[in-house]
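Engineer: Chain residues, written in single-letter form:
6 protein chains.
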Amino acid sequence: MTNNKHVVALDLPIPEMKDLPDDVRKYFEICLEKLGMVPNVLTAYSQNLKQLDGFSRLYNELMMGESELSKLEREMIAVVVSSENKCFYCLVAHGAAVRVLSGDPMLGEHLVMNYRTASLDKRQRAMLDFASHLTSSPATVTEQQVQALRDAGFSDSGIWDLSNVIGFYNMSNRVAIASDMRPNQEYHSQAR
Amino acid sequence: MTNNKHVVALDLPIPEMKDLPDDVRKYFEICLEKLGMVPNVLTAYSQNLKQLDGFSRLYNELMMGESELSKLEREMIAVVVSSENKCFYCLVAHGAAVRVLSGDPMLGEHLVMNYRTASLDKRQRAMLDFASHLTSSPATVTEQQVQALRDAGFSDSGIWDLSNVIGFYNMSNRVAIASDMRPNQEYHSQAR
Amino acid sequence: MTNNKHVVALDLPIPEMKDLPDDVRKYFEICLEKLGMVPNVLTAYSQNLKQLDGFSRLYNELMMGESELSKLEREMIAVVVSSENKCFYCLVAHGAAVRVLSGDPMLGEHLVMNYRTASLDKRQRAMLDFASHLTSSPATVTEQQVQALRDAGFSDSGIWDLSNVIGFYNMSNRVAIASDMRPNQEYHSQAR
Amino acid sequence: MTNNKHVVALDLPIPEMKDLPDDVRKYFEICLEKLGMVPNVLTAYSQNLKQLDGFSRLYNELMMGESELSKLEREMIAVVVSSENKCFYCLVAHGAAVRVLSGDPMLGEHLVMNYRTASLDKRQRAMLDFASHLTSSPATVTEQQVQALRDAGFSDSGIWDLSNVIGFYNMSNRVAIASDMRPNQEYHSQAR
Amino acid sequence: MTNNKHVVALDLPIPEMKDLPDDVRKYFEICLEKLGMVPNVLTAYSQNLKQLDGFSRLYNELMMGESELSKLEREMIAVVVSSENKCFYCLVAHGAAVRVLSGDPMLGEHLVMNYRTASLDKRQRAMLDFASHLTSSPATVTEQQVQALRDAGFSDSGIWDLSNVIGFYNMSNRVAIASDMRPNQEYHSQAR
Amino acid sequence: MTNNKHVVALDLPIPEMKDLPDDVRKYFEICLEKLGMVPNVLTAYSQNLKQLDGFSRLYNELMMGESELSKLEREMIAVVVSSENKCFYCLVAHGAAVRVLSGDPMLGEHLVMNYRTASLDKRQRAMLDFASHLTSSPATVTEQQVQALRDAGFSDSGIWDLSNVIGFYNMSNRVAIASDMRPNQEYHSQAR
Numbered sequence: 001m002t003n004n005k006h007v008v009a010l011d012l013p014i015p016e017m018k019d020l021p022d023d024v025r026k027y028f029e030i031c032l033e034k035l036g037m038v039p040n041v042l043t044a045y046s047q048n049l050k051q052l053d054g055f056s057r058l059y060n061e062l063m064m065g066e067s068e069l070s071k072l073e074r075e076m077i078a079v080v081v082s083s084e085n086k087c088f089y090c091l092v093a094h095g096a097a098v099r100v101l102s103g104d105p106m107l108g109e110h111l112v113m114n115y116r117t118a119s120l121d122k123r124q125r126a127m128l129d130f131a132s133h134l135t136s137s138p139a140t141v142t143e144q145q146v147q148a149l150r151d152a153g154f155s156d157s158g159i160w161d162l163s164n165v166i167g168f169y170n171m172s173n174r175v176a177i178a179s180d181m182r183p184n185q186e187y188h189s190q191a192r
Numbered sequence: 001m002t003n004n005k006h007v008v009a010l011d012l013p014i015p016e017m018k019d020l021p022d023d024v025r026k027y028f029e030i031c032l033e034k035l036g037m038v039p040n041v042l043t044a045y046s047q048n049l050k051q052l053d054g055f056s057r058l059y060n061e062l063m064m065g066e067s068e069l070s071k072l073e074r075e076m077i078a079v080v081v082s083s084e085n086k087c088f089y090c091l092v093a094h095g096a097a098v099r100v101l102s103g104d105p106m107l108g109e110h111l112v113m114n115y116r117t118a119s120l121d122k123r124q125r126a127m128l129d130f131a132s133h134l135t136s137s138p139a140t141v142t143e144q145q146v147q148a149l150r151d152a153g154f155s156d157s158g159i160w161d162l163s164n165v166i167g168f169y170n171m172s173n174r175v176a177i178a179s180d181m182r183p184n185q186e187y188h189s190q191a192r
Numbered sequence: 001m002t003n004n005k006h007v008v009a010l011d012l013p014i015p016e017m018k019d020l021p022d023d024v025r026k027y028f029e030i031c032l033e034k035l036g037m038v039p040n041v042l043t044a045y046s047q048n049l050k051q052l053d054g055f056s057r058l059y060n061e062l063m064m065g066e067s068e069l070s071k072l073e074r075e076m077i078a079v080v081v082s083s084e085n086k087c088f089y090c091l092v093a094h095g096a097a098v099r100v101l102s103g104d105p106m107l108g109e110h111l112v113m114n115y116r117t118a119s120l121d122k123r124q125r126a127m128l129d130f131a132s133h134l135t136s137s138p139a140t141v142t143e144q145q146v147q148a149l150r151d152a153g154f155s156d157s158g159i160w161d162l163s164n165v166i167g168f169y170n171m172s173n174r175v176a177i178a179s180d181m182r183p184n185q186e187y188h189s190q191a192r
Numbered sequence: 001m002t003n004n005k006h007v008v009a010l011d012l013p014i015p016e017m018k019d020l021p022d023d024v025r026k027y028f029e030i031c032l033e034k035l036g037m038v039p040n041v042l043t044a045y046s047q048n049l050k051q052l053d054g055f056s057r058l059y060n061e062l063m064m065g066e067s068e069l070s071k072l073e074r075e076m077i078a079v080v081v082s083s084e085n086k087c088f089y090c091l092v093a094h095g096a097a098v099r100v101l102s103g104d105p106m107l108g109e110h111l112v113m114n115y116r117t118a119s120l121d122k123r124q125r126a127m128l129d130f131a132s133h134l135t136s137s138p139a140t141v142t143e144q145q146v147q148a149l150r151d152a153g154f155s156d157s158g159i160w161d162l163s164n165v166i167g168f169y170n171m172s173n174r175v176a177i178a179s180d181m182r183p184n185q186e187y188h189s190q191a192r
Numbered sequence: 001m002t003n004n005k006h007v008v009a010l011d012l013p014i015p016e017m018k019d020l021p022d023d024v025r026k027y028f029e030i031c032l033e034k035l036g037m038v039p040n041v042l043t044a045y046s047q048n049l050k051q052l053d054g055f056s057r058l059y060n061e062l063m064m065g066e067s068e069l070s071k072l073e074r075e076m077i078a079v080v081v082s083s084e085n086k087c088f089y090c091l092v093a094h095g096a097a098v099r100v101l102s103g104d105p106m107l108g109e110h111l112v113m114n115y116r117t118a119s120l121d122k123r124q125r126a127m128l129d130f131a132s133h134l135t136s137s138p139a140t141v142t143e144q145q146v147q148a149l150r151d152a153g154f155s156d157s158g159i160w161d162l163s164n165v166i167g168f169y170n171m172s173n174r175v176a177i178a179s180d181m182r183p184n185q186e187y188h189s190q191a192r
Numbered sequence: 001m002t003n004n005k006h007v008v009a010l011d012l013p014i015p016e017m018k019d020l021p022d023d024v025r026k027y028f029e030i031c032l033e034k035l036g037m038v039p040n041v042l043t044a045y046s047q048n049l050k051q052l053d054g055f056s057r058l059y060n061e062l063m064m065g066e067s068e069l070s071k072l073e074r075e076m077i078a079v080v081v082s083s084e085n086k087c088f089y090c091l092v093a094h095g096a097a098v099r100v101l102s103g104d105p106m107l108g109e110h111l112v113m114n115y116r117t118a119s120l121d122k123r124q125r126a127m128l129d130f131a132s133h134l135t136s137s138p139a140t141v142t143e144q145q146v147q148a149l150r151d152a153g154f155s156d157s158g159i160w161d162l163s164n165v166i167g168f169y170n171m172s173n174r175v176a177i178a179s180d181m182r183p184n185q186e187y188h189s190q191a192r
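Protein sequence lines, in the order shown, are assigned to chains A, B, C, D, E and F. Here the first sequence stands for residues 1 to 192, where the numbers follow the UniProt record's numbering. Here the second sequence stands for residues 1 to 192, where the numbers follow the UniProt record's numbering. Here the third sequence stands for residues 1 to 192, where the numbers follow the UniProt record's numbering. Here the fourth sequence stands for residues 1 to 192, where the numbers follow the UniProt record's numbering. Here the fifth sequence stands for residues 1 to 192, where the numbers follow the UniProt record's numbering. Here the sixth sequence stands for residues 1 to 192, where the numbers follow the UniProt record's numbering.
A few of these clues could be false.
[Claimed, not checked] Going by beta-carbon spacing under 7 Å, a handful of chain B positions derived as facing chain C:
1) K86
2) M113
3) T117
4) R192
These aren't lab readings, by the way, just hints derived from the structure by calculation. Each residue gets a CB set at the ideal place from its N, CA and C atoms; glycine is no exception.
Based on the provided sequences and hints, a complete structural model is requested.
Structural biologist: Listed below in structure tokens is the structure:
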């Protein structure tokens with residue numbers, strides 16, 4: 001097993017890379033090749049390969065599948081949700097992704113700190129207002145907020161995808177916080 | 001496509017059952033056989049089969065896979081998270097599951113309305129206190145709350161699973177709320 | 001004295017029915033005849049007959065006296081206030097009353113879980129928005145919220161009655177929560 | 001009818017004193033004699049004599065009946081509840097009562113502004129902590145808070161009375177706020 | 001050193017008046033002459049003369065310098081900020097200032113208790129709404145709230161001054177609360 | 001006047017550097033020399049030289065004067081307060097200062113995102129818990145929280161200084177948010 005202490009504060013049976021089944025090892029090797037690291041969230045989930053399988057498939061489809069939302073927009077949502085929930089792991093990891101995908105380091109900082117201070121067009125502002133509202137006060141979200149998204153140009157399919165991305169980080173934020181998950185060192189210096 | 005209006009308020013390209021790929025149709029037929037219905041959450045996700053695949057695999061592993069948490073306990077957590085977030089769909093569906101699995105209709109009502117009024121042993125009370133705290137105020141969860149779970153008898157693997165179940169309903173609550181998802185009629189009368 | 005444990009968690013000098021003064025015993029017998037039970041809230045208050053007298057008179061006038069609000073509407077308000085305050089006793093008792101008076105079991109569930117998901121006309125939606133706001137954030141209620149009620153068709157007398165019903169359950173919710181009052185078993189199965 | 005504008009902002013059919021039934025007129029005359037005024041809350045309720053009857057009986061028993069709580073303590077609770085809810089009418093009226101009954105003008109100011117700054121013995125501090133908690137966050141009050149009251153010397157009957165007084169002002173605060181009730185001028189200068 | 005107990009609950013090296021440097025003693029003597037007292041906030045800060053110097057200069061300029069805001073308006077803002085934060089010291093001291101400067105004792109009471117109940121023109125209502133919002137929820141203040149002030153007649157310089165006064169009391173409230181600062185007796189009876 | 005747009009969103013009469021009085025120009029030239037820039041907060045305050053004078057003196061004494069708190073600790077407090085209030089300007093400027101003074105870039109990120117995830121000794125954890133509490137919920141701070149600081153090793157003078165630093169950023173956060181103050185570009189890359 002790897003040294004958990006670099007990954008999570010919980011004592012979990014995380015296997016060493018060499019002990020992983022072929023398909024998972026291959027997945028992790030692709031991460032290493034493309035990203036220069038295996039994101040700690042995947043390492044943590046590898047303590048239960050079926051959880052890893054479901055989590056990865058959902059993550060990959062929501063963040064990289066076909067959608068009216070651009071990949072950058074999905075990362076922007078990830079950061080705003082994580083800022084509401086104050087999730088250190090996700091702010092570091094997805095803040096870096098916003099810097100990389102946007103080529104605008106300050107945009108990442110704005111979204112980490114307070115998305116309301118960023119220069120955004122009407123569509124992205126509506127998108128992030130919804131992310132903030134659905135994260136911090138889900139009980140009060142109604143048709144009115146959904147209509148505001150339509151007015152800003154989102155289709156109903158786009159709103160479904162948006163809600164799923166918001167939901168996904170409300171899940172992973174809580175897993176990361178409860179396990180005190182630590183981000184890989186590599187994120188910090190990306191695209192500063 | 002099915003009549004969306006019974007499923008969600010968003011206009012989504014939900015296919016008719018006969019148009020689903022074989023494996024998905026088979027999955028839905030098993031639902032029909034075992035539960036007497038296809039849960040609307042699955043029907044809704046079928047508008048994007050890759051999302052459905054990831055969501056179902058994660059759901060099935062977290063709710064029915066091996067764990068130190070019993071199936072009833074996982075449903076209890078689902079209800080308490082959904083009560084914090086006031087998610088109508090999940091309260092109806094998982095409230096029914098608690099009634100069915102516990103054989104105690106009033107337990108379902110307590111958890112829907114205010115879990116603090118239920119008669120619970122120390123372990124389950126700690127579990128639901130954690131579910132409530134991690135749902136409503138994730139930013140303030142620290143080692144102290146995790147230690148309280150260990151003190152109540154949870155292993156670190158159990159705490160990981162618990163956090164994942166809490167996380168999962170914080171995701172699906174938001175998707176259900178944003179899409180105004182409607183529960184199948186069948187849930188209401190189950191195990192009253 | 002009756003066995004308090006079925007009524008409240010506080011140790012109170014609740015008299016047995018046979019030891020009650022004639023007028024109170026008669027009142028309780030009418031309850032038994034009409035409702036099939038003496039509601040536990042009345043049993044609890046019978047530990048102090050003057051409190052019972054004031055409470056009952058106010059309750060009977062606010063919930064059954066002449067008013068622009070229908071009896072069902074008053075029960076709807078009771079449930080929405082109790083849902084904000086998460087009062088188990090009142091949600092069980094008045095959730096049942098909504099099911100009985102409306103003949104619509106799902107309406108009771110919507111109001112218990114999140115009234116914003118119920119199908120309501122504009123007047124009832126305004127009424128319940130006001131109930132929610134005045135319950136959860138009284139300090140910020142101003143002329144603006146009162147005017148919204150007038151715009152939805154309420155007269156000033158109706159607004160006074162509405163505020164009194166909202167106020168009444170903000171009182172009884174807190175008495176029931178502090179004393180851990182338990183609802184009579186009969187409510188649970190009514191009008192499911 | 002009296003000039004409503006001095007009493008509430010709602011347009012209510014408040015009768016002139018001479019048109020009141022004998023028993024109510026007598027009650028109001030006693031107020032005039034003892035207090036130098038008819039409190040506006042009673043004038044407002046006189047628009048519906050049955051509501052006035054229930055409200056007055058409950059008020060008189062809770063605030064002046066036999067109890068382990070002193071009359072000053074009940075007024076202290078009224079002020080702390082009203083401070084949480086920011087009810088202008090009740091803060092003026094019951095702030096004056098605290099000044100009068102305690103002979104300590106600054107105590108009234110402390111309780112209006114922030115009871116945590118007042119010099120209180122352990123019992124009264126526990127009493128007001130409970131009033132604050134049950135007012136602002138009823139859903140989280142459990143046996144633990146009730147036990148803290150027992151530990152501070154309250155009997156279960158005292159806790160019942162305390163909860164009723166807290167509940168009563170959570171009712172009347174909301175009625176006063178919604179109707180924009182104005183306090184009689186006389187309160188302001190009492191016992192400064 | 002003076003008897004701290006009348007000033008703050010912290011044990012601070014507060015010098016006696018006779019031991020102060022000439023310019024500070026002169027400043028305090030002017031206070032005594034004009035106000036009949038040295039405000040305890042100044043006495044407290046005199047434990048560090050450089051802090052006193054910075055604090056006094058900023059206070060004097062913000063509260064008494066040239067501005068589109070009248071002196072009364074600045075005191076009104078001080079009270080509303082302090083009411084949000086429930087700062088006893090500042091509510092007593094600046095509540096008195098509002099009574100003195102306005103000649104309207106009830107205005108002071110309204111602002112201490114709930115500014116929304118005061119009779120205010122549109123400009124002052126906008127000013128106090130902004131003070132309340134920027135105090136209780138700074139993260140959500142955006143261009144929209146600033147524009148509302150412009151619409152109510154404030155220039156951008158006035159908005160800057162307004163924000164500084166709001167900021168200043170958010171500072172001094174926290175210093176007063178943390179040190180349990182006690183107001184001079186003289187304030188209580190001023191302009192009742 | 002300088003181009004306000006790089007400094008604040010309000011239209012303020014900010015003088016050009018050459019038009020400043022000698023002592024202020026000298027102060028700004030020292031900033032340029034030592035920091036490589038004039039912090040925009042000082043440029044903004046230069047629109048009113050008396051405000052600038054009071055603000056600068058208080059800032060310099062609180063952040064650089066004699067104190068039991070180290071300079072790094074004061075910057076850590078600045079970041080934690082600003083994170084509670086989500087002030088973009090102060091998070092950028094003081095996040096950089098924490099990176100520079102600590103030589104630990106990740107510490108800055110932890111404090112910006114959620115100080116509870118940082119590795120801190122008991123004293124610094126108590127200090128930041130107090131900063132968070134006094135910022136987000138000043139009304140509930142009492143002797144109990146002050147005693148926790150003493151137990152963690154702070155003297156009463158240290159607690160006074162700590163409260164002043166917390167207060168100061170609760171002031172400047174609000175001024176920066178209301179004026180939409182923009183941080184100098186230089187901060188972003190410092191000590192990454």
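Engineer: With reference to the structure, classify each hint as holding or not holding.
Structural biologist: Structure-based check of all given hints:
1. K86: holds (4 Å)
2. M113: Hint on M113/B: holds, closest Cβ of chain C at ~5 Å, below 7 Å.
3. T117: Holds: closest Cβ of chain C sits about 4 Å from T117/B, inside 7 Å.
4. R192: holds (5 Å)
In this structure, none of the earlier numbered hints is contradicted; all agree with it.
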